[in-house]
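> Spelled out, the chains give:
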Amino acid sequence: MIEGIQIDLISEERLALLTSIEKVHLILDQVRKGTIVILERGLSPEEQSTLIEMAMLEILPDGFNGLEIESYPSKDEGTGIFSKLVGKGANKPRMTVIGPANQLKMIKKERDLISAWVSSR
Amino acid sequence: MDILTQTKTGFTSIIKSFFRKKRYRIGIYGPPNAGKTTLANRITLDWTGENIGAVSEIPHETRRAHRQSDICITDSRGHTVIIDIVDTPGVTTKIDYKEFLEYGITKDEAILRAREATEGVAEAMHWLREDIDGVIYMMDSTQDPFMQVNIMMIGIIESRKLPVVIVANKIDLPDAVPQRIRGAFPQHPVIPVSSIEGKNVEDLYDNMVRTFR
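Chains as they are written, first to last, in this note's numbering: chain A, 508 to 628; chain B, 11 to 223.
Just chain A, with the same shape it has in the complex (with noise of 0.2 Å):
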């Protein structure tokens, strides 16, 4: 069998599909095994609230110690008064990145691009 690393990337079909609470477990759940998880549209902003949170309270002395997230900055679209009042200027969730802290390491990060190092455990 080959050894490597497992990535799983999730369409936004598929995550359209799932409550926040039931994105957050996947991506935990899948993290923690190890597993490099791509979202082709990232989380909103609440959810990444809560990711954050359930992650610190996994996290266990010389076991999981974490995530690495990354994704793109959110873009400069609808930042005039029309968008405001119509409600676009609301931040968009990007593709991203997660990972253990311990095996995605970020190399470089720009506004538009994104270089990251994946270790085997």
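Since the hints were made in silico from the structure, they are not lab data.
Being a predicted model, the structure only gives us computed values, none of them experimental.
Check the hints yourself; a few may be wrong.
No farther apart than 30 Å at their CA atoms in a straight line, the calculated lysine-lysine pairs in the DSS-like style are these [stated by the list, open to error]:
(1) Lys171/B <-> Lys616/A
(2) Lys612/A <-> Lys108/B
(3) Lys32/B <-> Lys209/B
(4) Lys616/A <-> Lys540/A
(5) Lys540/A <-> Lys209/B
(6) Lys540/A <-> Lys612/A
With chain A held as given, fit chain B onto it using these hints.
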């Protein structure tokens, strides 16, 4: 108490509550070692003469949220705002007790510190969702503003429609580039400050009054 006195007391309390300034609960958020407690101490010392918490070079020195109530801040035009300052633990997505060992503490102390820090981060996120009216978001001007925790936290703050002032801290250090923070978050006021030296804090107070009033 007769009816006339009761009516008078009730009327007085309604008038008082009408003119009473609302108190805003302002959370100081940011990644570990951005200088949150140093700024909280600066604000509380300047306006109440008291410190709010201890500072240290070891990350996650603040592991519980600390609140200092009834701080009345006046800007250069004489406008005031009354706030409670909540100094929160540094927000992160990962905590490894081994990183604390580099600072010369024992393994048991490091494990305890890590456990308290994880609880502190969870508590800080809870405060943000439930109990905060506005945010001072601290960033270290010598660090990359595109750190994921900054992007996530600013997104969370924006989604909750909380007023925010971003502080570009540590401008006393030679490699500080506060302009990078302005470029990364042009939609918010960014105030370059040295919390430790008190440099430009008057500008911060003016912005706090303008933003949180």
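> Lysine 540/A and lysine 209/B were given as a pair; does the straight-line alpha-carbon distance stay at or below 30 Å?
violated (47 Å)
> If you draw a straight line from the CA of lysine 32/B to the CA of lysine 209/B, is it 30 Å or shorter?
Roughly 29 Å between the alpha carbons, so the hint for lysine 32/B and lysine 209/B holds.
> Given the hinted pair lysine 540/A and lysine 612/A, is their alpha-carbon gap at most 30 Å?
Roughly 17 Å separates the two Cα atoms, so the pair holds.
> Are the Cα positions of lysine 612/A and lysine 108/B separated by 30 Å at most?
With Cα atoms ~17 Å apart, lysine 612/A and lysine 108/B stay inside 30 Å; holds.
> Against the 30 Å threshold, does the CA-CA distance of lysine 171/B and lysine 616/A hold or violate the hint?
holds (27 Å)
> Below or equal to 30 Å on CA atoms is what counts here, so check lysine 616/A against lysine 540/A.
OK: lysine 616/A and lysine 540/A at ~26 Å, within 30 Å.
Violated hints amount to a single one, hint 5; each of the other numbered hints is respected by the structure.
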